[in-house]
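Peer 1: Read off the chains here:
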Amino acid sequence: MSHPVLEVRDLAISFAHPRPAVRSVSVTVDEGEVVALVGESGSGKSMTARAVIGLLPDGAVATGSVRLRGEEVLGLPEEEILRYRGRRVAMVFQEPQTALNPVRTVGWQLAEALRAHGGARGRAARERAVELLREVEIPDPEERLDFYPHQLSGGQKQRVVLALALANEPELLLADEPTTALDVTVQAEILALLRRIRDRTGTSIVIITHNMGVVAHLADRVVVLRQGEVVEEADTRALFARPRHPYTRQLLAAVPRLPEVDDRVLELLAEPEPEGVAHEMATPALEYDDVHVHFGSRTRGRVLPAVDGVTLRLETGQVLGLVGESGSGKTTLGRLAAGLVPLAGGRVRVAGTDITQARGRRRAALCRRLAFVHQDPEASLDPRFTVGEAIREPLDVHGVGTRRARDQRVVELLDAVRLPASFARRRPRELSGGQRQRVALARALTLEPRLLIADEPTSALDVSVQAEVLELFADLQRRLGFACIVISHDLAVVNAVADRVAVLRAGRVVESGPAARVFGDPAHEYTRRLLDAVPVPDPTVRDATGPALREHIAS
Amino acid sequence: MTRYLLRRLPSALVVLAVASFGIFALVRLVPGDPVSTLAGPDASPEARAAIRADLGLDQPLLGQYLTWLGQLARLDLGTSYRIGGQVKDLVADGAVNTIVLTVTALLLAVVVALVSSVLAVVLDNRWVNAALSFGNTLAIALPTFVTGLVLILLFAVVLPVLPAGGTPPDGFIARPDIAAQYLLLPAVCLALGAGAALTRFLTEALRTELRQPYVTTARALGISRRRIVLTQALRNALPSTVTVLGIQFGTLLGGAVLVEAIFTWPGLGGLIEEAISGRDYPLVQVLLLLSVAVFVAVQLLTDIVHAWLDPRVRIGGAS
Amino acid sequence: MSESLIDVAAPEGAAPRPDDEPDQRRRPGARSALRRGKGLAGVLLIGVVVALGLLAPLLAPYGPTEQIPGANLVGPSGAHWLGTDEVNRDVYSRTLYGIRTDLVVVFLAVPIGAVIGILVGLVSSWWTFTDVIAQRVFDLVLAFPTLILAIALTAFVGPGLRTVFFVIIAVELPVFGRLTRTSVRTVREMPYVEAAHVVGAGSWWQLRRHVLPNSWEPLLVQLAVSMSVAVFIEGAMSFLGLGVRPPHPSLGSLIRDGVRNMYDAPFFAVGPLALVVALVLGLLLVSQALAEARRS
Chain W
1 MSHPVLEVRD
11 LAISFAHPRP
21 AVRSVSVTVD
31 EGEVVALVGE
41 SGSGKSMTAR
51 AVIGLLPDGA
61 VATGSVRLRG
71 EEVLGLPEEE
81 ILRYRGRRVA
91 MVFQEPQTAL
101 NPVRTVGWQL
111 AEALRAHGGA
121 RGRAARERAV
131 ELLREVEIPD
141 PEERLDFYPH
151 QLSGGQKQRV
161 VLALALANEP
171 ELLLADEPTT
181 ALDVTVQAEI
191 LALLRRIRDR
201 TGTSIVIITH
211 NMGVVAHLAD
221 RVVVLRQGEV
231 VEEADTRALF
241 ARPRHPYTRQ
251 LLAAVPRLPE
261 VDDRVLELLA
271 EPEPEGVAHE
281 MATPALEYDD
291 VHVHFGSRTR
301 GRVLPAVDGV
311 TLRLETGQVL
321 GLVGESGSGK
331 TTLGRLAAGL
341 VPLAGGRVRV
351 AGTDITQARG
361 RRRAALCRRL
371 AFVHQDPEAS
381 LDPRFTVGEA
391 IREPLDVHGV
401 GTRRARDQRV
411 VELLDAVRLP
421 ASFARRRPRE
431 LSGGQRQRVA
441 LARALTLEPR
451 LLIADEPTSA
461 LDVSVQAEVL
471 ELFADLQRRL
481 GFACIVISHD
491 LAVVNAVADR
501 VAVLRAGRVV
511 ESGPAARVFG
521 DPAHEYTRRL
531 LDAVPVPDPT
541 VRDATGPALR
551 EHIAS
Chain R
556 MTRYLLRRLP
566 SALVVLAVAS
576 FGIFALVRLV
586 PGDPVSTLAG
596 PDASPEARAA
606 IRADLGLDQP
616 LLGQYLTWLG
626 QLARLDLGTS
636 YRIGGQVKDL
646 VADGAVNTIV
656 LTVTALLLAV
666 VVALVSSVLA
676 VVLDNRWVNA
686 ALSFGNTLAI
696 ALPTFVTGLV
706 LILLFAVVLP
716 VLPAGGTPPD
726 GFIARPDIAA
736 QYLLLPAVCL
746 ALGAGAALTR
756 FLTEALRTEL
766 RQPYVTTARA
776 LGISRRRIVL
786 TQALRNALPS
796 TVTVLGIQFG
806 TLLGGAVLVE
816 AIFTWPGLGG
826 LIEEAISGRD
836 YPLVQVLLLL
846 SVAVFVAVQL
856 LTDIVHAWLD
866 PRVRIGGAS
Chain E
875 MSESLIDVAA
885 PEGAAPRPDD
895 EPDQRRRPGA
905 RSALRRGKGL
915 AGVLLIGVVV
925 ALGLLAPLLA
935 PYGPTEQIPG
945 ANLVGPSGAH
955 WLGTDEVNRD
965 VYSRTLYGIR
975 TDLVVVFLAV
985 PIGAVIGILV
995 GLVSSWWTFT
1005 DVIAQRVFDL
1015 VLAFPTLILA
1025 IALTAFVGPG
1035 LRTVFFVIIA
1045 VELPVFGRLT
1055 RTSVRTVREM
1065 PYVEAAHVVG
1075 AGSWWQLRRH
1085 VLPNSWEPLL
1095 VQLAVSMSVA
1105 VFIEGAMSFL
1115 GLGVRPPHPS
1125 LGSLIRDGVR
1135 NMYDAPFFAV
1145 GPLALVVALV
1155 LGLLLVSQAL
1165 AEARRS
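Quick mapping for you: the protein sequence lines, in order, are chains W, R and E. Quick note: the first sequence uses my numbering, first residue 1, plus one each step. Quick note: the second sequence uses my numbering, first residue 556, plus one each step. Quick note: the third sequence uses my numbering, first residue 875, plus one each step.
I should point out that these hints are in silico values taken from the structure, not numbers from a laboratory. Watch out, some of these pointers could steer you wrong.
[Said to hold, decoys possible] Just the calculated beta-carbon pair ranges, DEER-fashion:
1. R:ARG563 / E:GLY921: 54 to 60 Å
2. R:THR634 / E:ARG1010: 54 to 60 Å
3. R:PRO600 / E:ASN962: 55 to 61 Å
4. E:LEU918 / R:ALA650: 44 to 50 Å
5. R:ALA650 / E:VAL978: 45 to 51 Å
6. E:ASP1138 / R:ALA650: 40 to 46 Å
7. W:GLY32 / R:ARG563: 52 to 58 Å
Values in this document were obtained by computation on a predicted structure and should not be read as measured data. All residues carry an ideal CB built from backbone N, CA and C; glycine is no exception.
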């Protein structure tokens, strides 16, 4: 065949907005090829994919050319787009939790997809649906047909979404951040599945992602986008080995990495842990003593343990990372220390004070010693407050100093998080995501806490912004010497800032110890699996991880 | 599902029990004594006492209440003080008229809401939307007594094509064509507000559904917008619409009182007015209780239908 | 990192990073929503009706209950713009004074019911015990259709403006109680309120600084809706003879009089009908404009 599966030439997309979403993008995808579109948010990678499948938002104007096997599809009327959309090109989206219709069964939705292009109906459709579910490796496909989406796990939902996309045997599959919302182990499974689908069916895949690990793992070729333009395009191995454009280099440098087994871990292991000494020395900054937390109410019958007998301690000035997948109880542990979750059993002590016992003045004193940084920087700032008011609020609450002294402190804090003093008058809406998280950090530091709890502090940010915030955070922690709990699903983020790590699973601590030891030489089987599942941003290890992944799927 | 029902039922029963006692007590606390109304101002103390005993008014309040409950259970609703005749018959006669009126209005409202909201969303045309939104606001803004009068003026006075009021002389079954003529104006008048509110809600609900990610998934599969609206968005908007429908039904019941007055439609609305002005205890009690019972039943029903329509409630729990 | 990817100190107006782009649009507030389109139309309609009512003593040629000798059921003329009724009263004057009754109901009864409802809602959203009781009571009151409640209450206190007041308060109290409770609970779950809690702010501080300022908008929308409902309730009750006692005029009772004379003098009801529609429509438009401003 002479024509490539997809050929995008000089695509530009603009809205009423002054800034175009896509300035000039050209991409070619050949038969059976996996091409990654990489970039941070706003790079235009999703818009490009949407232009290909004809699903641009209202008011978007696209120019240039999009050809499927040489046939122009850009600007076709809706009726004609309907004929190729889903038939020749299909798309998988980021959020499997909401991508399926909640009130229709899996079987119904598959049948509807088949029906749209005059495919099988009735009994034949059911057979084809079973076949599709088998293709995406869902166990007991006959039974699953009558399931509603809420009865499936996140990974299974994404498999169903994939089955829908594959229903009419498209030549090209667009996958927009298909694994971003999933846990690492599930992500690894889905990536492996995508590869197998390509190998089996010869479908070309365009994967849109911000995750360099995913790129290294899956793509044959990479197209790096920035602000709506292609900055670099290369074979995956070549790009990782010799990035030519400075932006690509920055992007690769910003990716936090896990230690390699050979990194200096072995020397570290040789040294005995100085734990015993520290225990006797001082009161720890935070202590969990056989802690239990339940979710669900007893009146409704079902009580689920969220945290199940956790004992951990955090010395003053140390950074403890809590890692685990969703449902592991890591966030609950963090919220517990901040007094946001009722305790069902055990004790939590902050600097020796039992948080459940503290009332009145003792609670106020406790609160001054403790700060919490929320996952979503936008939601954690009152939209009606200016940045200055938000940072000053803890001082106002505790009535610290004069008005002028407080305002002075706000300026100092803004400076500490490297924001200009003029930001004090802005409202949260007028800030970018990274700036908001800096403000949240400044606010947390207002009362000079001895303990900071950061719940997924960078998960809402782009890699490069994340790198900056992490660096800023590490710097402040060194200078101010507060103890800290960093909660994250991203092992590499924790590795970048934490001294010690606790790996959680289903409400229990699986393993804990110095970060370098746990990540470099995991003692527990589960920790090893977590580490293996993280897609390494290095295409050369792809083949090495392949077999390991297959084992996990079997288990 | 059964569990859900078992959880929901007790609270409905509690509301009903408290309401029944409340109504019973309230009716008795009302100033104005039925005995003097019945016996006349010049009756002897003996005659008054006889009437009092006859009505059971000499017993303590709680005793009277329990007696009343017992009678209700046996469907022995007592005799009307003033109007005369069995309360049961009076209520039954009125109820038929009121039910015909409200159910017709409800159906009208539902049909109008379904058709116009689906049209608005499928066509997604600026002018259609503007026209529907204008008509909608107007229909909500016009109070029932205003539309009622305008309808009578237009179709019974200016263009005398429809009867200005009353129920069909031959009943609803014998001559449905004539019955329809009598029913048309009051039913339209009653349905207008509820229909407009329902349309507004459903249109907004459909628009919200169309912004959901599952719609994008469906569109990416090449399914047409019209089919997505009809087979997916509408189905998803249904549970919350049923709840709103339940609330609108309450409004319809209240509105029926007014519409019955405007169109001299002899239903329960007129009966309750008459009963209250005549201090007709047995009748007032039963009518108020009936209205609460209907409302509680409708609420319960909508809750159940809502739960049944939503597989997340019906089947429950993620695996 | 030498080459910072986010240059925070960059002068404003420099090309921002695309996606991390802050939202520069100002949020359309409630006030600006009333200065244009639907909102403005609503405010104007309400304004006209309110002005007519307030200026009634200046505009009306006769008193509201003044009987004019020799003018029995005359049609509209230069002397009597809307004619006179069967007891020789000037309908135009009565209509203007009738507005005042409705204004009292709309701008006094509804706010009273709203304030009590909001207080109950606030209390019940903080204490579980009060909540359980309040919810049951609200359920109970809302279980009665408004007009049936009105009829029942009339049986208790007799017809009159006072009854209309009671009915409106009884109907609006649970509406505002419920709404306050849900919107307070929603706001209270927000991370920024949690954040205030973590730094040691007490309940009162959280309520005053965060919860109330962020939850009044839906209440404002409801206030406009409830006011239009109040016009409707007054009209319906007076229409059924449960409202203002004669000879005092209200828009509802004037419509009732108009209906009584519909075949002889259809022009009677025109004034009050138009005013009721204008008032309700105005309030509805305002509520829609406020709701739309909130959503965007």
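Peer 1: Hint by hint, note whether the structure agrees.
Peer 2: Tested hints:
1. Our hint of 54 to 60 Å for R:ARG563 and E:GLY921 is violated, since their Cβ atoms are close to 47 Å apart.
2. Between R:THR634 and E:ARG1010 the Cβ separation comes to about 34 Å, which falls outside the hinted range of 54 to 60 Å.
3. For R:PRO600 paired with E:ASN962, a C-beta distance near 47 Å fails the hint of 55 to 61 Å.
4. Restraint check, E:LEU918 to R:ALA650: a C-beta distance of roughly 45 Å satisfies the suggested window 44 to 50 Å.
5. One distance hint, 45 to 51 Å for the beta-carbon pair R:ALA650 and E:VAL978, is violated here, with the actual separation near 37 Å.
6. Taking the beta carbon of each, E:ASP1138 and R:ALA650 are about 35 Å apart, not inside 40 to 46 Å as hinted.
7. Taken as a hint, the range 52 to 58 Å holds for the pair W:GLY32 and R:ARG563, whose Cβ atoms sit roughly 56 Å apart.
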